[in-house]
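Trainee: The primary structure of each chain is shown beneath.
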Amino acid sequence: MRFIQTIYTIWQREIIRYLRDKTQIISILFQSLMLLVISGAGLGQMFTLNNFGVNSIQFLYPGIMAIGVAAVAFFSTVSTVWDREFGFLKEIQVAPVSRIAVALGKTLGATTIASFQGLISLALAPIIGVNLSFVSIPKIILFLILFAFAISGMGFFIASFIKTTESFGLLMQVIISPMLFISGAFFPLTNVPQWMKIIANINPLAYGVDVLRQIILNNQVNDISNNLFLHSISTNILFLIIFSIIMVGAAVSAFDKKE
Amino acid sequence: MDIILVKNLTKQFNKLTAVDHINFEVKKGEIFGFLGPNGAGKSTTINMCSTILPVTDGEVFINGFSILSQRDEVRKSIGIVFQDSSLDEWLTAEENLRFHAKLYGLTNNEFKKRKQEVLELVNLWNRRKDVVKNFSGGMKRRLEIARGLIHYPAVLFLDEPTLGLDPQTRANLWNYILRLKYEKEMTIFMSTHYMDEAEHCDRIAIIDHGKIVALDTPRELKKQVGEDIISMTSKQKTELKKELEERYKKEVKEKDDSLQIEVEDGEKFLPRLFNELTTKIDSIELRKPTLDDVFLSLTGRAIREEEISTKKRMHQPIQIRQRR
Numbered sequence: 015m016r017f018i019q020t021i022y023t024i025w026q027r028e029i030i031r032y033l034r035d036k037t038q039i040i041s042i043l044f045q046s047l048m049l050l051v052i053s054g055a056g057l058g059q060m061f062t063l064n065n066f067g068v069n070s071i072q073f074l075y076p077g078i079m080a081i082g083v084a085a086v087a088f089f090s091t092v093s094t095v096w097d098r099e100f101g102f103l104k105e106i107q108v109a110p111v112s113r114i115a116v117a118l119g120k121t122l123g124a125t126t127i128a129s130f131q132g133l134i135s136l137a138l139a140p141i142i143g144v145n146l147s148f149v150s151i152p153k154i155i156l157f158l159i160l161f162a163f164a165i166s167g168m169g170f171f172i173a174s175f176i177k178t179t180e181s182f183g184l185l186m187q188v189i190i191s192p193m194l195f196i197s198g199a200f201f202p203l204t205n206v207p208q209w210m211k212i213i214a215n216i217n218p219l220a221y222g223v224d225v226l227r228q229i230i231l232n233n234q235v236n237d238i239s240n241n242l243f244l245h246s247i248s249t250n251i252l253f254l255i256i257f258s259i260i261m262v263g264a265a266v267s268a269f270d271k272k273e
Numbered sequence: 625m626d627i628i629l630v631k632n633l634t635k636q637f638n639k640l641t642a643v644d645h646i647n648f649e650v651k652k653g654e655i656f657g658f659l660g661p662n663g664a665g666k667s668t669t670i671n672m673c674s675t676i677l678p679v680t681d682g683e684v685f686i687n688g689f690s691i692l693s694q695r696d697e698v699r700k701s702i703g704i705v706f707q708d709s710s711l712d713e714w715l716t717a718e719e720n721l722r723f724h725a726k727l728y729g730l731t732n733n734e735f736k737k738r739k740q741e742v743l744e745l746v747n748l749w750n751r752r753k754d755v756v757k758n759f760s761g762g763m764k765r766r767l768e769i770a771r772g773l774i775h776y777p778a779v780l781f782l783d784e785p786t787l788g789l790d791p792q793t794r795a796n797l798w799n800y801i802l803r804l805k806y807e808k809e810m811t812i813f814m815s816t817h818y819m820d821e822a823e824h825c826d827r828i829a830i831i832d833h834g835k836i837v838a839l840d841t842p843r844e845l846k847k848q849v850g851e852d853i854i855s856m857t858s859k860q861k862t863e864l865k866k867e868l869e870e871r872y873k874k875e876v877k878e879k880d881d882s883l884q885i886e887v888e889d890g891e892k893f894l895p896r897l898f899n900e901l902t903t904k905i906d907s908i909e910l911r912k913p914t915l916d917d918v919f920l921s922l923t924g925r926a927i928r929e930e931e932i933s934t935k936k937r938m939h940q941p942i943q944i945r946q947r948r
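These protein sequence lines map, in sequence, to chains A and B. Each position in the first sequence, counted from 1, maps to that position plus 14 in our numbering. Each position in the second sequence, counted from 1, maps to that position plus 624 in our numbering.
Each hint should be verified, as a subset may be incorrect.
[Said to hold, decoys possible] Each computed SDA-like pair below joins lysine to any residue, with the alpha-carbon atoms no more than 20 Å apart:
hint, chain 1, residue 1, chain 2, residue 2
1, B, K873, B, D889
2, B, K764, A, K36
3, A, K36, B, T716
4, B, K753, A, Q26
5, B, K757, A, D35
6, B, K805, B, T793
7, A, K36, B, K873
8, B, K753, A, I18
9, B, K700, A, S112
10, B, K700, A, I18
11, B, K753, A, D35
12, A, K177, B, V755
13, B, K757, A, L33
14, A, K36, B, V755
15, B, K874, B, T862
16, B, K757, A, S112
17, B, K652, B, K808
18, B, K652, B, Y800
19, A, K177, B, P678
20, B, K859, B, D881
21, B, K877, B, I908
22, B, K764, A, W96
Simulated from the structure, these hints should not be mistaken for lab results. Note that the coordinates shown come from a computational prediction; the quantities given were computed from them, not determined experimentally.
Given these sequences and hints, build the entire structure.
Mentor: Put into structure tokens, the structure is as follows:
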């Protein structure tokens, strides 16, 4: 009971802070719009993916959605670094609560905010001409939550090592850029060099993009699917669940050892 | 019962020994002061006692619980106000308190009752809906004290609670701290490098280079360095000197135009002097040894003078007021 209450209290604070900081809300809204409308429409013209048998916007949409969610999940965990910088972390450190509950509360906070970004992308789908079947929507939402949780856990793990906001921003750039490019969002990862395949295999973003694309393109592709998709949906989901557990576990032990 | 019991507590940072085998105990209901210059090991000690810094050696018991093996019980037993603010500035005063109350397992009813109690204690009840970002430094510090109290801790730790506050706010804050002692019988463990603040404490440990160099009541500590000095001037200097020597059997020192005697308890001695002296005196001054003198005599130097410029200006008015 105390455990759940601690998770809820930590989570609630993350959400209050997010809602109170208007610039954060606006930037997330704007980011969704920019990613989808601008890059979706622009890139859509460049990529001719007719040989895959799908419309280019249809191909790009799941990738861009995953990238948007991952970026928000990552940057929401910067709140841990702020807490350290502005001293609030001490208030949490000195409290008689489980460190696992703290980590889960923090991770779920970022998950919630990132899922919200996913919902916006979902709502924008009809506007930019993406076909979504009604049955796929609950599947997409459920998966987005798992995906956001995995990326938030990773962000939180990284954030628990970082002392200042500046270095967090820098590190995120270094880590997140390759992850974005080798996620399969902009080109399929089925016919890439071996080294890139290896990276893709440990890149949680690639798994996220893969699942979303499979859900969204499900009834639009048939025989060519082997050229587009990496793993089965259940393999992808299993990877993300194990990845989340490792990340949150690592974050808890990093958090406990600090100072 | 000793509410805090520190045994051989030691902290080593690489080669630097920040806290070096210190021992002391704090009794229930007292204000215990930790006095020393910056870098003496005050915050390090508080951080170890409050379980956020691992100890290198030694042991601390708080409220009977070991900081090594019963961390959560220790954490429940203490309220703490850190040197730097640890409030969430984006939340309101009330939200900060609620966050804290929930982490410490208070029920909703308990929280409702106590938030009013603690916020009224620090005079912030009508600002409870305001976002902390808009609070002044003194208000933030008061809110932190309120937060530290809401789970009814056995001990309140205050790490330099008045650092960076203006003289008026500091005086007010002291009123709140003293109210806690008398109204709530709270045990308070505080650190400071202001000598004048240490005077409010029931007992003081003077710490320097990680070692406790003296531990006693402020009065006893000052007695160690000498007695109160009364200096007088008079036009009938020789008569006065004679009278003082004969009536009180004191050694009278001549310094410039004034005569000086040392007495044990200056405040009590002055009225006697006024009633009994027959020689006319023109002026009289009572000077008591300060904790500055104590620190000086123990360590051979004054509490570090480096960051004096702004802080000295801030704490001088209070010192003057207290000497009067």
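Trainee: Would the hint linking B/K753 and A/Q26 be met if the CA-CA limit is 20 Å?
Mentor: 17 Å, holds
Trainee: Against the 20 Å threshold, does the CA-CA distance of B/K877 and B/I908 hold or violate the hint?
Mentor: Holds, at roughly 14 Å.
Trainee: Below or equal to 20 Å on CA atoms is what counts here, so check A/K36 against B/V755.
Mentor: OK: A/K36 and B/V755 at ~14 Å, within 20 Å.
Trainee: Under the criterion that the straight-line Cα-Cα distance not exceed 20 Å, is the pair B/K859, B/D881 satisfied?
Mentor: Cα-Cα ~9 Å, so holds.
Trainee: Given the hint that A/K36 pairs with B/T716, test it: the Cα-Cα distance must not exceed 20 Å.
Mentor: Since the Cα atoms of A/K36 and B/T716 sit roughly 16 Å apart, the hinted pair holds (cutoff 20 Å).
Trainee: Within a Cα-Cα threshold of 20 Å, do B/K753 and A/I18 meet the stated pairing?
Mentor: 26 Å, violated
Trainee: Tell me if the straight-line CA distance from B/K805 to B/T793 falls inside 20 Å.
Mentor: 19 Å, holds
Trainee: Does B/K700 pair with A/I18 here, judged by a C-alpha cut-off of 20 Å?
Mentor: Holds, because 18 Å separates the two Cα atoms, which is no more than 20 Å.
Trainee: Assess, step by step, whether the Cα of B/K764 is no farther than 20 Å from the Cα of A/K36, and give holds or violated.
Mentor: 24 Å, violated
Trainee: For the pair supplied as a hint, B/K873 and B/D889, confirm whether the alpha-carbon distance does not exceed 20 Å.
Mentor: 15 Å, holds
Trainee: With a cut-off of 20 Å on the C-alpha distance, tell me whether B/K764 and A/W96 pass.
Mentor: 18 Å, holds
Trainee: Tell me if the straight-line CA distance from B/K757 to A/S112 falls inside 20 Å.
Mentor: Roughly 29 Å between the alpha carbons, so the hint for B/K757 and A/S112 is violated.
When the structure is compared with the earlier hints, violations turn up for hints 2, 7, 8, 12, 16 and for no others.
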